[in-house]
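Undergrad: Protein chains in written order, with the numbering used here: chain A, 618 to 832; chain B, 618 to 832.
Hints listed in this document are in silico derivations from the structure and should not be mistaken for laboratory results. Please note: incorrect hints may appear among the correct ones.
Covered stretches of chain A, as calculated for chain B (at least 3 residues, CB under 8 Å) [stated by the list, open to error]:
no., segment
1, 708-719
2, 785-792
A short list of chain B residues far from chain A (calculated; beta carbon distances all over 12 Å) [claimed, not checked]:
no., residue
3, H676
4, G685
5, D701
6, D707
7, A728
8, Y758
9, R799
Derived CB-CB ranges, DEER-like [as the list claims (entries may be wrong)]:
no., chain 1, residue 1, chain 2, residue 2, range
10, A, G825, B, G713, 18 to 28 Å
11, A, G825, B, R672, 41 to 51 Å
12, B, Q751, A, I763, 55 to 65 Å
13, B, A668, A, Q751, 25 to 35 Å
14, B, E744, A, A671, 20 to 30 Å
15, A, D702, B, R682, 56 to 66 Å
16, B, T727, A, R770, 30 to 40 Å
17, A, R640, B, T727, 45 to 55 Å
Since the structure is predicted, the reported quantities are computational estimates derived from the model, not experimental observations. By construction, the Cβ of each residue, glycine as well, lies at the ideal position given by its N, Cα and C atoms.
Number of protein chains: 2
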Amino acid sequence: MTTAAPEPEGNRPPPARRRPGGRTARIRTQVLDAVLAELGERGYDGLTMEAVAARAGVHRATVYRRWGDVGGLLADVLDAAGDDDWQPPDTGSLEGDLTALNQEIQDAMTAQPPIMASLIAASFRSEKAADAQQRLWEDRYARCEITVGRAVRRGELPPHTDARRLLIAATAPLYHQLVLLRTPADPHLPGRAARTAALAAAAGAFAGPSRVGGV
Amino acid sequence: MTTAAPEPEGNRPPPARRRPGGRTARIRTQVLDAVLAELGERGYDGLTMEAVAARAGVHRATVYRRWGDVGGLLADVLDAAGDDDWQPPDTGSLEGDLTALNQEIQDAMTAQPPIMASLIAASFRSEKAADAQQRLWEDRYARCEITVGRAVRRGELPPHTDARRLLIAATAPLYHQLVLLRTPADPHLPGRAARTAALAAAAGAFAGPSRVGGV
Numbered sequence: 618m619t620t621a622a623p624e625p626e627g628n629r630p631p632p633a634r635r636r637p638g639g640r641t642a643r644i645r646t647q648v649l650d651a652v653l654a655e656l657g658e659r660g661y662d663g664l665t666m667e668a669v670a671a672r673a674g675v676h677r678a679t680v681y682r683r684w685g686d687v688g689g690l691l692a693d694v695l696d697a698a699g700d701d702d703w704q705p706p707d708t709g710s711l712e713g714d715l716t717a718l719n720q721e722i723q724d725a726m727t728a729q730p731p732i733m734a735s736l737i738a739a740s741f742r743s744e745k746a747a748d749a750q751q752r753l754w755e756d757r758y759a760r761c762e763i764t765v766g767r768a769v770r771r772g773e774l775p776p777h778t779d780a781r782r783l784l785i786a787a788t789a790p791l792y793h794q795l796v797l798l799r800t801p802a803d804p805h806l807p808g809r810a811a812r813t814a815a816l817a818a819a820a821g822a823f824a825g826p827s828r829v830g831g832v
Numbered sequence: 618m619t620t621a622a623p624e625p626e627g628n629r630p631p632p633a634r635r636r637p638g639g640r641t642a643r644i645r646t647q648v649l650d651a652v653l654a655e656l657g658e659r660g661y662d663g664l665t666m667e668a669v670a671a672r673a674g675v676h677r678a679t680v681y682r683r684w685g686d687v688g689g690l691l692a693d694v695l696d697a698a699g700d701d702d703w704q705p706p707d708t709g710s711l712e713g714d715l716t717a718l719n720q721e722i723q724d725a726m727t728a729q730p731p732i733m734a735s736l737i738a739a740s741f742r743s744e745k746a747a748d749a750q751q752r753l754w755e756d757r758y759a760r761c762e763i764t765v766g767r768a769v770r771r772g773e774l775p776p777h778t779d780a781r782r783l784l785i786a787a788t789a790p791l792y793h794q795l796v797l798l799r800t801p802a803d804p805h806l807p808g809r810a811a812r813t814a815a816l817a818a819a820a821g822a823f824a825g826p827s828r829v830g831g832v
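In isolation and in its complexed conformation, chain A is listed as follows (with noise of 0.2 Å):
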């Protein structure tokens, strides 16, 4: 679960999507990687339109009217990369399939250069990009209900299993050493995540009518 962001190319819509007749479509792929490229090498204080525009060879005053400001770039990059085809990983077992999960946002949140890092930092210092982000998150919640679901069928959870507060309860660990805490990544870190999680899952820890928004 890429949440904030998956690597660069993750944002670059697949040959497919560039129609002919996308201009509008292959401009935003231009700005959007120049946007992560700038965030990857300088930050959000160095992310400028300027500096975007330039990289991406698109003039400044296209770049003012489609993305307002540095906070629109940032929320249509979040947006992006919610137009993915990701799926949660498939492993035969609830705590295999949240220990890849975890495995791939400790990547994802480790990787160089620190795109997904920079983008949750810059989610407290734009609205705009702070709701996009949040946006993906719940994105990706949502396609990871399967993995419940999954588990479900095989036994490994009671029928009502709110999937999102399992989610949440198996991934925030990570989240919560490596954003907040920062500590260095820690290979046993996903595995255990997902083992506490599954665990108390099995213990009807996430039982009960699902709730909207609920934790």
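For chain A, the structure is supplied; the task is to place chain B on it using the hints.
TA: Below, chain B alone, put in the same frame as chain A:
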């Protein structure tokens, strides 16, 4: 566990510490109170050395000499927040203790003015603040080890339960929801996250020899 910032008054040394000859300490108190007030009113972007000095009634040169920059001020606010007598709640059960702890965190995170939330946001802008934030969190985790020790003695947990991992599992969902997902405070969240961690702990999720820095 008001891990980032207790109520502003928590940063004011109690009268007993205001020893005669404590002009330095008095200035520190005035300046740190001013930082909290400015941060609460204006957030990081509005926080300046000049405004803090003016509000504290302290000469600007003194503030620059002693704290260097805004990051230095924030770091000292966080260090001062850790210089208190805080002890974790003692309710008689692990789940009760973790629920009470989570309630303290949720109350602090959603307090107005949003001092704690602003300090966490500021830690993405200043290395000094980030380092101090981490020191404060680690101090709080260390103080909470007693919570796990009591649960072990009551027979609620296996003897070699890793306190830090348990505490992170119990509290991380709150930070994830309130800081990163920015969902509104949910009155069920403190208890649910506590129960999840307690169930996982009872199932042995955090058993094993404690490792320094381990998760």
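Undergrad: All hints, please: hold or fail.
TA: Status of the hints after comparison with the structure:
no.: 1; hint: 708-719; result: violated (count 0)
no.: 2; hint: 785-792; result: holds (count 6)
no.: 3; hint: H676; result: holds (30 Å)
no.: 4; hint: G685; result: holds (19 Å)
no.: 5; hint: D701; result: holds (20 Å)
no.: 6; hint: D707; result: holds (23 Å)
no.: 7; hint: A728; result: holds (18 Å)
no.: 8; hint: Y758; result: violated (9 Å)
no.: 9; hint: R799; result: violated (6 Å)
no.: 10; hint: A:G825 x B:G713: 18 to 28 Å; result: holds (20 Å)
no.: 11; hint: A:G825 x B:R672: 41 to 51 Å; result: holds (49 Å)
no.: 12; hint: B:Q751 x A:I763: 55 to 65 Å; result: violated (36 Å)
no.: 13; hint: B:A668 x A:Q751: 25 to 35 Å; result: holds (31 Å)
no.: 14; hint: B:E744 x A:A671: 20 to 30 Å; result: holds (29 Å)
no.: 15; hint: A:D702 x B:R682: 56 to 66 Å; result: holds (57 Å)
no.: 16; hint: B:T727 x A:R770: 30 to 40 Å; result: holds (38 Å)
no.: 17; hint: A:R640 x B:T727: 45 to 55 Å; result: holds (47 Å)
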